[in-house]
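Trainee: Input sequences plus hints: build the corresponding full structure.
Protein sequences appear in the order of chains A and B. The opening position of the first sequence corresponds to residue 1 in my numbering, with each subsequent residue numbered one higher. The opening position of the second sequence corresponds to residue 1 in my numbering, with each subsequent residue numbered one higher.
Mixed in with the good hints there might be a few duds.
To be verified - Per the computed footprint, the stretches of chain B lying under chain A, defined by three or more beta-carbons under 8 Å from a beta-carbon of chain A, are: (1) 59 to 67; (2) 176 to 185; (3) 203 to 211.
In short, the hints are calculated from the structure, not lab data. Each residue gets a CB set at the ideal place from its N, CA and C atoms; glycine is no exception.
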Amino acid sequence: MRDPKTDATEPLLRSNLLTRRFGGLTAVNGVTLGFHVGEVHAVIGTNGAGKSTLINMLSGEMPATSGSIHFDGHDITDWPQPQRARAGLGRSYQRTTIFPEFSVLENCRLCAQAALPRAWAVWESAQHCEASLATAREALERAGLSDDAQRSAGTLSHGGKRQLEIAMCLATKPRVLLLDEPLAGMGAEETERMLALLGALKQSHAVLLVEHDMDAVFRIADRITVMVNGEVIASDAPAAIRANRDVQTAYLGEGH
Amino acid sequence: MRPWIVPVIAALLLAALPAVLTPYTQDLVVKIAIYAVFALSLELLVGAAGLVSLGHAAFLGIGAYVTVMATGDGGAASALWLLPAAMGAAALYAIFVGALSLRTKGVYFIMVTLAFAQMAYFVFHDTKLGGGSDGIFLYSKPVIQFGKTVLLDLDRKADLYYTVLAALVGTYALLALINRSRFGHALAGIRVNEQRMRAAGFATYGYKLAAFVIAGALAGLAGFLLAVKDGAVNPELLSWHESGAVLLMIILGGIGSLRGAVIGAVAFTLLKELYQSEALLGPLAAHWQLTLGLTIIAFVALLPKGLIGLKARLSGGAHA
Numbered sequence: 001m002r003d004p005k006t007d008a009t010e011p012l013l014r015s016n017l018l019t020r021r022f023g024g025l026t027a028v029n030g031v032t033l034g035f036h037v038g039e040v041h042a043v044i045g046t047n048g049a050g051k052s053t054l055i056n057m058l059s060g061e062m063p064a065t066s067g068s069i070h071f072d073g074h075d076i077t078d079w080p081q082p083q084r085a086r087a088g089l090g091r092s093y094q095r096t097t098i099f100p101e102f103s104v105l106e107n108c109r110l111c112a113q114a115a116l117p118r119a120w121a122v123w124e125s126a127q128h129c130e131a132s133l134a135t136a137r138e139a140l141e142r143a144g145l146s147d148d149a150q151r152s153a154g155t156l157s158h159g160g161k162r163q164l165e166i167a168m169c170l171a172t173k174p175r176v177l178l179l180d181e182p183l184a185g186m187g188a189e190e191t192e193r194m195l196a197l198l199g200a201l202k203q204s205h206a207v208l209l210v211e212h213d214m215d216a217v218f219r220i221a222d223r224i225t226v227m228v229n230g231e232v233i234a235s236d237a238p239a240a241i242r243a244n245r246d247v248q249t250a251y252l253g254e255g256h
Numbered sequence: 001m002r003p004w005i006v007p008v009i010a011a012l013l014l015a016a017l018p019a020v021l022t023p024y025t026q027d028l029v030v031k032i033a034i035y036a037v038f039a040l041s042l043e044l045l046v047g048a049a050g051l052v053s054l055g056h057a058a059f060l061g062i063g064a065y066v067t068v069m070a071t072g073d074g075g076a077a078s079a080l081w082l083l084p085a086a087m088g089a090a091a092l093y094a095i096f097v098g099a100l101s102l103r104t105k106g107v108y109f110i111m112v113t114l115a116f117a118q119m120a121y122f123v124f125h126d127t128k129l130g131g132g133s134d135g136i137f138l139y140s141k142p143v144i145q146f147g148k149t150v151l152l153d154l155d156r157k158a159d160l161y162y163t164v165l166a167a168l169v170g171t172y173a174l175l176a177l178i179n180r181s182r183f184g185h186a187l188a189g190i191r192v193n194e195q196r197m198r199a200a201g202f203a204t205y206g207y208k209l210a211a212f213v214i215a216g217a218l219a220g221l222a223g224f225l226l227a228v229k230d231g232a233v234n235p236e237l238l239s240w241h242e243s244g245a246v247l248l249m250i251i252l253g254g255i256g257s258l259r260g261a262v263i264g265a266v267a268f269t270l271l272k273e274l275y276q277s278e279a280l281l282g283p284l285a286a287h288w289q290l291t292l293g294l295t296i297i298a299f300v301a302l303l304p305k306g307l308i309g310l311k312a313r314l315s316g317g318a319h320a
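Mentor: Next up, the structure:
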């Protein structure tokens, strides 16, 4: 039994001196961060600051050059991406990566299927797989896409596709959400809906949010980490970040 | 209309066909049905999983060679172990080739599968293992018998016909089941966006390898039937011409559809038969590769979705 006091401060996902080099370029340099359930933790920085590389390393899409990643008490640094996903690390992509020719429901059902046993039971019909259908419908409900379930995913509006991207991530029943610019290209109304969704999701998930929309970030984030040239220059509550002089010179002052 | 009605009617018609067929046409139907099994096996890779292999004939050839070599000259072998042996050998080679080639993608995958098929081709072509470039004869065809009762003798035309028909129906049914199962849906997801599938938690390599091995075993089934039908094997069965031909069959019929694979096998085999016929075309028959090639180019240009897309195109045109 762990002490509830340390439990409260123990992050669900943690990186320790995480570093990634591409040849001579260090894209992410010694990043140590913790992500807690109940928190939206935004990571901001200019293009090339290493935000996407950080998400790619945490989700397992890209191996780390050095450093380690810990999830729920396990060292997952060497785990392949599918194993991390099944353990509870869900991610969305900056570029929409839905399956356009499948129905909206099937997009989510397929993602929900990943964790189910008996993947080889070829005599069982996928379209009647109640376990994955129930999870998929629940994910669509949360993302506000229930009415579009039978539509072909490719026919959704841009905002709808972004919502589906989140729904697909939820369908894998993750405990951590790694969201790469979920608001990109969204209209004002869609942004509001997405922020409300993120606010609800953080109750039961640890949320890492990479986002360029600063208004949204300062509204929704409980903690903000600022990256410049692959390094963390500040990680604090939004008010403290806004007042931070280093951040102002390095990032917020320039172009924002 | 239920999707299985047309295939079931087609199978029943095929079952009744020998009553009205001449020996030549019955032989042709058997040949087409065997190539349909072969085309269906590749359709699982290309159409369902999006894995374009240019070395699929290796599994056909291995199935055929094992059938002949395991029979030897000691009289007829029992199909009960010969068929599993042929399919098993093809599946084993598929595990080996798949395990290595599936680490590559796209054009590299095409080249690696081709290289492994060429390797198998030269083993049979350049060594004494399978009679060298001349190949070997199958002296006695497989049987199934218990004591004195012969249940099946593949030397008899009717037995061969219905065995091939059963293999075609079984292969089609298995692939239709796979396509509607969770495994099949996962393969479709991998075809569209493998990275997204990995992010959802699918260990995609295992799924692709399973598809590769099933496809290899089914190609081995086609090889077994081909060896029995022809009563001989030669290295050309494993050549890249054969791998290319089966790829053309599914392109011709329409990739992504089991019916398309069968229709493609029918069309390709009939076209080849037509263009090779001296009785019909005279001296032009010597240049059948040219005429067949031009015909296929015309088909692909006019029907990018294959012959299976013809119906949609015709009904679409009627509405326009």
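Trainee: Verify the coverage statement for the region 203 to 211 of chain B against chain A, using a C-beta to C-beta distance below 8 Å and requiring 3 or more qualifying residues.
Mentor: Coverage by chain A holds for the region 203 to 211 of chain B (4 residues, Cβ < 8 Å).
Trainee: Using C-beta distances, would you say chain A covers the region 59 to 67 of chain B, given that this needs three or more residues below 8 Å?
Mentor: Contact hint for the region 59 to 67 of chain B vs chain A: violated, 0 residues under 8 Å.
Trainee: If you look at each residue in the region 176 to 185 of chain B, do at least three have a Cβ nearer than 8 Å to any Cβ of chain A?
Mentor: Three-residue rule met by the region 176 to 185 of chain B, so holds; n is 8.
Against the hints set out earlier in the document, a violation occurs for number 1 only.
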